[in-house]
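Protein chains in written order, with the numbering used here: chain A, 1 to 287; chain B, 288 to 570.
Relax, there's no trap hidden among the hints.
Derived CB-CB ranges, DEER-like:
1) A:E107 x B:A568: 55 to 65 Å
2) A:F32 x B:K393: 25 to 35 Å
3) A:L277 x B:K393: 49 to 59 Å
4) A:A180 x B:T506: 58 to 68 Å
Quick caveat, the hints were computed from the structure, so don't treat them as lab data. Where a beta carbon is used, it is the ideal one built from N, C-alpha and C, also for glycine.
One letter stands for each residue in the lines below.
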Amino acid sequence: MRPSIEKFAEKSFLLSALLSASITIFIFSFMFLFSLPLFRGGKIVEFLKLGWNPYDGKFGVLPMMVGTMIIASFAILIATPFGIGCSALISVFSQRNFGRFLRKLVEFMTGIPTVIYSFVAIFLLVPLVREIFQKGTGMCVLSASIMLALLILPTIVLFLTDAFNSVPKNYLSAAEALGATPVQKLMYVIIPSAWKGIISGLVLAAGRAAGDTMISLMIAGNALQIPKGLSDAARTLTSHIALIIASDYESPEFKSIFVCGLILFVFTMLIVLVLRLLGYFEILRER
Amino acid sequence: MKGGITVRVKLKVALLSIFTFLVAGNPLVIAEDLDPFLGVKGTLRIAGGTAHIPAMKEAAKRIMHINRDIKITIAGGGSGVGIKQAGEGLVDIGNTGRKATDNEIKRYGLKMFKFAIDGIAIVVNTENPVVRMKKAEIMDIFSGKLDNWKALGWKDRAPNVYTRDASSGTRKVFWKKALKKGKITKTANFVKSHGAMKSAISVDPYGIGYISVGYLDNTVASVSLDGVSPSLENVRKGNYSIARGLYMNTKGDPSVLTRLFIDYIMSKEGQKIVVEKGFIAVN
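With the rest of the complex left out, here is chain A (with noise of 0.2 Å):
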């Protein structure tokens, strides 16, 4: 290839890169400028403390951060198990073709839109779950954590195997030498020096459950309280911010989402960082 083409390729592939951080941080940067006054004078805290009733003067968010945070914790806490389980059948229990087959199975559930995971919830898993806790709706934390637990498994176990299928192959060689069964390969050579994929996976599952609207939205009943209970209804960043979008533009309201916007932000932030500190240090551990 001649250099000059090379060199433009380089340009080019350095201009999209450019261009996709710039976007994260121009986001970033909008959302905090136009939050800023809310948050002088002391407004901040306020925004962070009182309940949400517009007739009451009251803008409050905190609600809506605990229900995103129950119920994004309670989905990964749902897919992880089940993630695992999924990774170890197709890279390591089941036979080449089979597990092929279920990887291709799984790659498929990434492409299924949000809005039909929710729509069939409404009408299988709800009435469920309104009888099993025979009080409330059905639209409820426990509704949608599984149904956003279902959305997020295919990443964590996409990424899962890859981490098992990583591995390196002498490790594997030796643990069977040894005598290892597949449990034995899997619990003492396989998760361990796969941890960090682990990792990734469920850093990504966690922002994609934090940030999905449609789920939340539709089945998680979108009410104004601090969830106390996996039956209670709950409304989270997201759809809140789907449900005031329409008010007006004027409005205290519409100003307050985004605060909204920036915690939600600041909040996936948080879960990369926490998780990548998490890698490090058994990184570091290692040594």
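Add chain B to chain A, keeping to what the hints say.
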């Protein structure tokens, strides 16, 4: 022999359908209220209140049927969206289920056209036998004070309160006229349109919510209030108090096609559509 009959029947059906097509498509046999649309071209965008949608859709269908050069799009979003999008020129007509506030009229230079009167019915699931309530009981249920259907003589289960999002004009009117600006419980579930409210109540045995009378059908049960049922008759006579006007809003004076549409809705045929869709005509 048998084959011959089938062919003849098929021919008849074909002729009949051609005839129907000709009649339906022939501008000479349609009502005169649609005449002004002949020869007009253009696009009309409508958004906002979700109570309006059935009537708007029917009118749009008839207009587009006689003149294919006119395109009418109808979106929901709620009254807040209607005001905002009309005010910013994103749509030609912004529908609202409440009057625009003075502030909104001043800021955007809105013109209001009231074309129907609509009642807001309180609805419960069809399994729920509690279809007669007092106003105070409604207020107590929505505020969370009355937290068991048993108190009203039904099962030992908590009522699930459904309400609408911030953009809803229905919610504002309901809050003012039925709840007397009282509190709505924090455990209330939020839905985004009349259709969503109806489907939520129709699948939740213990649910209670409110929808436009125009949306009432046998999938939900309406509740009579202090002995007055939310029938069209009662709304028209003013016996049923939770009612409001349905409005179309334009930014400044409407353009030609917008004006024609508004005139059509106000015409005899347009007002007939309004009645067919379960509202009360204003003309």
